[in-house]
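The lines below spell out each chain.
2 protein chains.
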Amino acid sequence: MAEPAIDDFYAVIPAGGIGSRLWPLSRADAPKFLHDLTGSGQTLLRDTWDRLAPLSGEDRIAVVTGRAHRAAVERELPGVPDHNVFLESEPRDSSAAIGLAAAILVRREPDVIIGSFAADHVIRQTRQFDFAVRQAVAVARAGYICTIGIQPSEPSVGFGYVKQADELIVDGAPEAYTVERFVEKPDLDTAKAYFLDRAYLWNAGMFITRADVLLAELAVNEPELHAGLLELAEAWDDRALRGPAVDRIWPGLKKIAIDYSVAEPAAEKGRLAVIPGHFDWDDVGDFASLSKLNSSGGRNELAILGEDARVLSDASSGIVVSQTKRVISLIGVRDIVVVDTPDALLVTTSENAQRVKGVVDALKLTGRGDVL
Amino acid sequence: MAEPAIDDFYAVIPAGGIGSRLWPLSRADAPKFLHDLTGSGQTLLRDTWDRLAPLSGEDRIAVVTGRAHRAAVERELPGVPDHNVFLESEPRDSSAAIGLAAAILVRREPDVIIGSFAADHVIRQTRQFDFAVRQAVAVARAGYICTIGIQPSEPSVGFGYVKQADELIVDGAPEAYTVERFVEKPDLDTAKAYFLDRAYLWNAGMFITRADVLLAELAVNEPELHAGLLELAEAWDDRALRGPAVDRIWPGLKKIAIDYSVAEPAAEKGRLAVIPGHFDWDDVGDFASLSKLNSSGGRNELAILGEDARVLSDASSGIVVSQTKRVISLIGVRDIVVVDTPDALLVTTSENAQRVKGVVDALKLTGRGDVL
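Going down the list, the protein sequences come from chains A and B.
Under this note's numbering, the residue at position 123 of the first sequence is numbered 123, and the numbers go up by one with no gaps.
Under this note's numbering, the residue at position 274 of the second sequence is numbered 274, and the numbers go up by one with no gaps.
Keep in mind the hints are simulated off the structure, nothing from the lab.
You may find that some hints are simply not true.
Pairs involving identical chains hold if they fit within one copy or between any two copies, as the list cannot separate such chains.
Stated by the list, open to error - Here are the simulated lysine to any residue pairs, SDA-like style, with alpha carbons at most 25 Å apart:
| # | residue 1 | residue 2 |
| --- | --- | --- |
| 1 | K255 | A165 |
| 2 | K292 | A315 |
| 3 | K292 | D212 |
| 4 | K255 | A315 |
| 5 | K269 | E301 |
| 6 | K325 | A309 |
| 7 | K325 | R310 |
| 8 | K255 | H121 |
| 9 | K357 | T324 |
| 10 | K364 | A309 |
| 11 | K292 | L168 |
| 12 | K269 | R124 |
| 13 | K364 | T324 |
| 14 | K254 | S295 |
| 15 | K192 | V170 |
| 16 | K192 | K255 |
| 17 | K254 | V170 |
| 18 | K185 | H83 |
| 19 | K325 | D29 |
| 20 | K269 | A216 |
Computed from a predicted structure; not experimentally measured.
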């Protein structure tokens with residue numbers, strides 16, 4: 001029998017970010033979280049929702065997203081209450097997005113514990129994910145800001161790391177640790193050393209905390225941002241006041257990742273905790289990771305994404321993403337990445353997957369933004 | 001001042017053959033000869049016509065092509081007289097195509113000398129081509145069947161070879177030789193040996209001969225085919241008789257290349273001559289050769305074919321053929337071949353270019369002939 005939802009817990013899904021390294025699949029009007037990248041038959045956003053609903057209850061999931069994505073979000077998540085969709089007039093990074101949710105929710109429920117989880121990550125082994133979140137909520141209830149760090153499955157240079165320190169004794173959280181520090185994406189030698197040293201976990205951007213604790217940390221480190229968010233939250237649940245407040249305040253908020261505004265300062269003060277997550281996690285940052293995610297691990301495998309894909313492969317491996325009904329024929333190309341969309345085609349290799357963002361920048365510069 | 005057209009000379013352009021190794025660019029309804037593969041701004045068929053018109057005169061070029069291509073041929077060659085377009089009801093190989101032209105033309109002019117030149121080859125250095133043809137006509141006038149063999153520019157395994165033997169003394173043909181034998185496409189070691197031995201020339205499929213001499217050779221080696229062609233030719237210039245004769249006779253004609261029905265037997269009897277051609281020639285047999293043809297020779301070059309091509313390349317080389325208005329982005333792919341058409345996409349490498357035909361066969365077998 002499934003465990004009941006967690007008391008006082010609210011899930012927050014920041015659904016922003018285009019995923020430029022997945023161009024031309026991901027676009028301004030079709031960001032990463034609105035794609036099915038796993039062949040599950042539904043979008044990553046919907047997968048995220050399905051994962052969180054048993055933990056918080058369907059009525060207690062808030063989505064922070066751009067105004068342009070409102071219709072798509074409501075279509076994907078028919079169960080989301082209207083008052084839990086927080087619309088940004090423009091992207092202002094994660095401190096503003098998560099801080100806004102915290103400020104709104106704490107006015108509704110002073111003791112609320114929020115957990116923020118990106119809309120476009122892939123997680124398998126839901127049971128282990130559940131267990132980690134339940135522990136993290138127990139730690140948050142004790143006044144800590146808690147993250148879930150992923151036990152690395154390989155020496156990745158694509159993620160930041162969280163270094164765990166001492167065991168933290170909290171009821172209901174047998175695996176809690178304090179965090180010594182955050183580390184940016186390392187070079188390969190460093191990543192290999194981290195991989196052997198079990199204390200380094202991947203920073204998956206999951207934060208679980210009392211909303212008031214998060215806001216207090218933000219007040220110290222980013223007082224102006226904090227003040228703006230409180231002012232916004234005060235107006236939020238009054239329909240007449242909300243729109244003008246967003247237009248007035250939101251565009252002036254500082255753009256800063258929550259890692260810098262909240263998590264790292266909290267770590268320095270010993271107020272940040274971590275639960276090691278023993279589940280498969282991927283942020284699907286580029287086509288190399290998308291390719292790996294959709295293969296069973298064989299070197300000579302060709303992964304195919306796309307409902308109507310008509311692919312003919314001869315001695316080829318890598319990934320094909322097909323968004324058209326065209327016949328796609330590959331002959332003797334290894335570790336290839338082919339992304340076929342109605343107005344743009346990308347051909348590259350897994351090795352070059354990180355360079356896709358450069359193409360997006362070049363398209364902007366050369367006046368071909370119509371395909372972005 | 002340009003030399004006058006050659007007396008008694010008629011040019012014949014067999015415009016058949018889809019060019020399967022150039023799929024999905026070449027198709028049943030858009031064969032190789034109807035494409036601009038050199039960036040010249042016109043089709044290979046038109047290039048061929050322009051090359052031959054000064055030698056034969058515009059009124060003396062016959063085109064042998066499929067009924068399906070009649071409109072395209074007339075559009076490309078507005079100067080071709082209606083009575084010089086010989087339509088096949090279905091492809092029956094080169095002996096039938098060239099033999100039909102010979103049989104029709106010899107009835108109109110008993111002394112006619114025909115020269116047959118494929119519609120889909122690329123030739124540069126027209127002055128040298130002219131000189132070779134004029135010599136070949138002189139040799140043909142003396143009763144020989146004459147071919148033009150191309151001085152190899154590299155040890156190619158993609159072409160057959162003609163081995164020249166003794167000097168042949170004919171007025172107006174200072175470079176004529178008899179032919180010792182024909183050789184099929186060799187392996188690389190053999191090709192290297194041929195390249196060093198200057199007596200081996202590429203077989204470019206050009207034959208220049210009196211029409212009656214060609215027909216006499218055919219009568220000996222393929223009497224049934226010969227009889228069928230004579231019967232067809234007899235009906236040809238009577239509009240009422242032509243159609244029924246084609247429908248009755250053409251589908252039963254033996255499919256055989258003119259190399260086997262005429263040229264090789266003639267070589268054995270010492271009746272085949274060759275003029276070495278000192279010009280750039282390519283049959284554009286696959287995308288590797290198309291790529292080379294459209295680059296200036298640099299290893300790191302990316303050739304782009306297509307009027308509306310919108311290509312963005314980062315550290316890539318090879319060839320892109322664009323028949324759509326899509327943005328095509330290449331990152332870090334070397335010697336790549338990308339052919340982008342409205343209903344089919346091919347991604348391969350120069351090294352695998354010869355395997356494209358296999359894909360065409362596989363598409364047929366798997367019921368996807370709609371894109372062929």
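Now for the hints, and whether the structure bears them out:
1. K255 / A165: For K255 and A165, the Cα distance exceeds 25 Å both inside one copy (30 Å) and across copies (81 Å).
2. K292 / A315: both (18 Å within a copy, 24 Å between copies)
3. K292 / D212: neither (40 Å within a copy, 67 Å between copies)
4. K255 / A315: neither (47 Å within a copy, 34 Å between copies)
5. K269 / E301: This pair counts as neither: shortest intra-copy Cα distance 48 Å, inter-copy 56 Å.
6. K325 / A309: Answer is both: 6 Å inside a copy and 21 Å across each meet the 25 Å cutoff.
7. K325 / R310: both (7 Å within a copy, 21 Å between copies)
8. K255 / H121: within (22 Å within a copy, 61 Å between copies)
9. K357 / T324: both (23 Å within a copy, 24 Å between copies)
10. K364 / A309: between (29 Å within a copy, 18 Å between copies)
11. K292 / L168: neither (35 Å within a copy, 66 Å between copies)
12. K269 / R124: For K269 and R124, the Cα distance exceeds 25 Å both inside one copy (33 Å) and across copies (77 Å).
13. K364 / T324: both (24 Å within a copy, 21 Å between copies)
14. K254 / S295: neither (40 Å within a copy, 51 Å between copies)
15. K192 / V170: Classified as neither; 31 Å inside a copy, 78 Å across copies.
16. K192 / K255: Close neither inside one copy (32 Å) nor across copies (65 Å); limit 25 Å.
17. K254 / V170: neither (35 Å within a copy, 90 Å between copies)
18. K185 / H83: neither (37 Å within a copy, 75 Å between copies)
19. K325 / D29: both (21 Å within a copy, 20 Å between copies)
20. K269 / A216: within (13 Å within a copy, 102 Å between copies)
The earlier numbered hints that this structure contradicts are 1, 3, 4, 5, 11, 12, 14, 15, 16, 17 and 18.
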